[in-house]
Amino acid sequence: MRILEEPIREPVEIKNLIDGDWKASKGEYKDIVNPATGKVIGTVPISTKEELNQAVESAQEAFPLWRRTPPVARARCLFRLKNLLEENFEELSRIQTMEHGKTIDESRGETRRGIENVEVATGIPTLMQGDFLEDIASGIDEYLIRQPLGTFGIITPFNFPFMIGLWFAPYAVATGNCVVLKPSSEDPFCQTKIAELAEEAGIPPGVWNVVHGGRTVVKEMLDHKDIQGICFVGSTPVARDVVVKGCGATGKRVIAQGGAKNFAIVMPDADLDRTIAACMTSFYGNAGQRCLANTNLVIVGEGLSKKELEDFYKKVVERFVTAAKRIQIGYGLDESIQMGPLRDVGKKENVVRYIEKGIEEGAKLILDGRQFDLVGDWPRDAFLGPTVFEDVTLDMTIAQEEIFGPVANMMKAQNLAEAIDMVHENPFGNAVTVFTGNGDWARRVRYQVECGNIGINVGIAAPMAFFPFSGMKDSFYGTLHGQGKEAIRFFTESKVVIERWF
Amino acid sequence: MANITASAIISYTEELEDKSAAFYRDLTAKFPQGAKTFLSLAENCEKIKKLVIRTYRETVSDALETGFSFDNLKLIAYDSELTLESDDYREALEQAIALEKKAADFYGEIARRSRSLLATIAMSFKDAEKRRKHNQNKLELLAG
Chain A
1 MRILEEPIRE PVEIKNLIDG DWKASKGEYK DIVNPATGKV IGTVPISTKE ELNQAVESAQ
61 EAFPLWRRTP PVARARCLFR LKNLLEENFE ELSRIQTMEH GKTIDESRGE TRRGIENVEV
121 ATGIPTLMQG DFLEDIASGI DEYLIRQPLG TFGIITPFNF PFMIGLWFAP YAVATGNCVV
181 LKPSSEDPFC QTKIAELAEE AGIPPGVWNV VHGGRTVVKE MLDHKDIQGI CFVGSTPVAR
241 DVVVKGCGAT GKRVIAQGGA KNFAIVMPDA DLDRTIAACM TSFYGNAGQR CLANTNLVIV
301 GEGLSKKELE DFYKKVVERF VTAAKRIQIG YGLDESIQMG PLRDVGKKEN VVRYIEKGIE
361 EGAKLILDGR QFDLVGDWPR DAFLGPTVFE DVTLDMTIAQ EEIFGPVANM MKAQNLAEAI
421 DMVHENPFGN AVTVFTGNGD WARRVRYQVE CGNIGINVGI AAPMAFFPFS GMKDSFYGTL
481 HGQGKEAIRF FTESKVVIER WF
Chain B
503 MANITASAII SYTEELEDKS AAFYRDLTAK FPQGAKTFLS LAENCEKIKK LVIRTYRETV
563 SDALETGFSF DNLKLIAYDS ELTLESDDYR EALEQAIALE KKAADFYGEI ARRSRSLLAT
623 IAMSFKDAEK RRKHNQNKLE LLAG
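As given, the protein sequences belong to chains A and B, one line each in that order. Our numbering puts the first residue of the first sequence at 1, with every later residue one more than the last. Our numbering puts the first residue of the second sequence at 503, with every later residue one more than the last.
Worth flagging that the hints you see were computed from the coordinates, not collected in a lab. Heads up, a few of these hints could be off.
Partial selection, computed: residues in chain A whose CB lies under 10 Å from chain B [to be verified]:
| hint | residue |
| --- | --- |
| 1 | Ala24 |
| 2 | Lys26 |
| 3 | Glu28 |
| 4 | Gly109 |
| 5 | Ile276 |
| 6 | Glu335 |
| 7 | Ser336 |
Given the structure is predicted, the values throughout are model-derived calculations rather than measurements. A virtual CB, placed ideally from N, CA and C, is assigned to each residue, including glycine.
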């Protein structure tokens, strides 16, 4: 099978975009490594506090003029950005594979999901409209207008280097705000490229800034008095800190999406061919590094005897393991590959520690991802194969904590009520999927489960751009979510006017 | 047998339609009696390529089963001879009809396999199958 051409041929020194100017940082630089090939593809700065302050200052300066720019003109900038993203679709997708490791299909999927947010934000002349009611009392009218707030900070994670910045930035900019975006320093190419295209699309200097870096930049963003709100996606402990220690203390608006531990529920009437295909994507897609990945598979014996449940369980597990064993592992630019590497060696080691913990706590390892065949002559450092555990119980660490790797836990429940209880025992509330042909069972899951995103015969319950990316419990802190109409509300202040003319 | 990813299917489609279009342009030059039809078939192949690639790119999502929709598909079964084997008009028509049949079978099969997994992408495969069947009908009319 052919390997697609790499768009990054020489190592690139990544720069910050501050006030429309691409500037080298005064901070230290660190290498960006392609996790599949082990080659250095660029360097990224760990920017200084002063650089973040300059970016915020430029955003503050740009804000008064940008908010006065008519929504239809702002929308046209976004239309141009959307066209530029389409023109660069393939390059952007291959960059994701190079900097993150995901397969080319997954990267293209991520590119599409990102672009869809720009498309939705182009509807701002309609989306931003307020409300008006005549005669709230005789001769008195009342209306609501939505106004931008100023500058927002956006902090994005490594697992979706292209898409997640676009859950927020297009809506912020469309509503008349300015942004300072800090991409993950592990894979910062895509957000840098998007900012280049935003500039080309005519978004004025200072409106869309990018400052690369680490904790210093994040801390300064959280503390900065001129940043009105923060959008963060990452782990739960950091999300909690962003809300409690950061935004809570400074009174900022916040969207903070944390981790997950998602369950897939397989009912006895599930279409197993399609369920297994969906599970492979859900459990092992993106090498398990996504907050919507399923990790606990509960096989349910609703209406079955204990013996029948045992038989059904065996059948599902056997099908699951057979499919998982066949997954081709290698460099994502090779079109035959179904699973790429983890983002880096450290992340792989972390997953390996969870596998060891699972064995130690008594789970039965029936497919060991530490042993795998690699397609192509690549260093094995960051690669890991699919892992499957059986006899997993809810008290085990691997069943409770977010592993963020290609590990599946097989469990069983005698009925649906028990399966839902299992979901609820977990502190996270990001996603649950049910595989069934029975509308009543599906409805019970949709109605009862305390999770933000529900999949019915859909392995990855990823909301489209015109719906909020939801989340509950320890998976989400805040009130309004990213994407769609909720993002419009997040990035605007609702001002109410009561009007009477004498 | 290796699994086939959606990306590999799209690359295969791209190559199939490029080569088919070139094949029909070759026939257009060699056989004036069928030139109009052959040219329209070449254009049809270019349309199919555009349709399938555009639909894939507009629909693909990390949530779709792109890596797991085409297990055990034998792509080699759909390979056709795409260089003109004969200077005889009737033999050339037969070769073209065989090509269309295989291409329609290919699109029919991948549409069937991906029907409930790849959303609108599967619909574009179905459209491509229909267009290839139309091509076959036109060639059969020429063959009499």
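Outcome of the hint check:
no., hint, verdict
1, Ala24, "violated (33 Å)"
2, Lys26, "violated (37 Å)"
3, Glu28, "violated (33 Å)"
4, Gly109, "holds (4 Å)"
5, Ile276, "holds (8 Å)"
6, Glu335, "holds (4 Å)"
7, Ser336, "holds (6 Å)"
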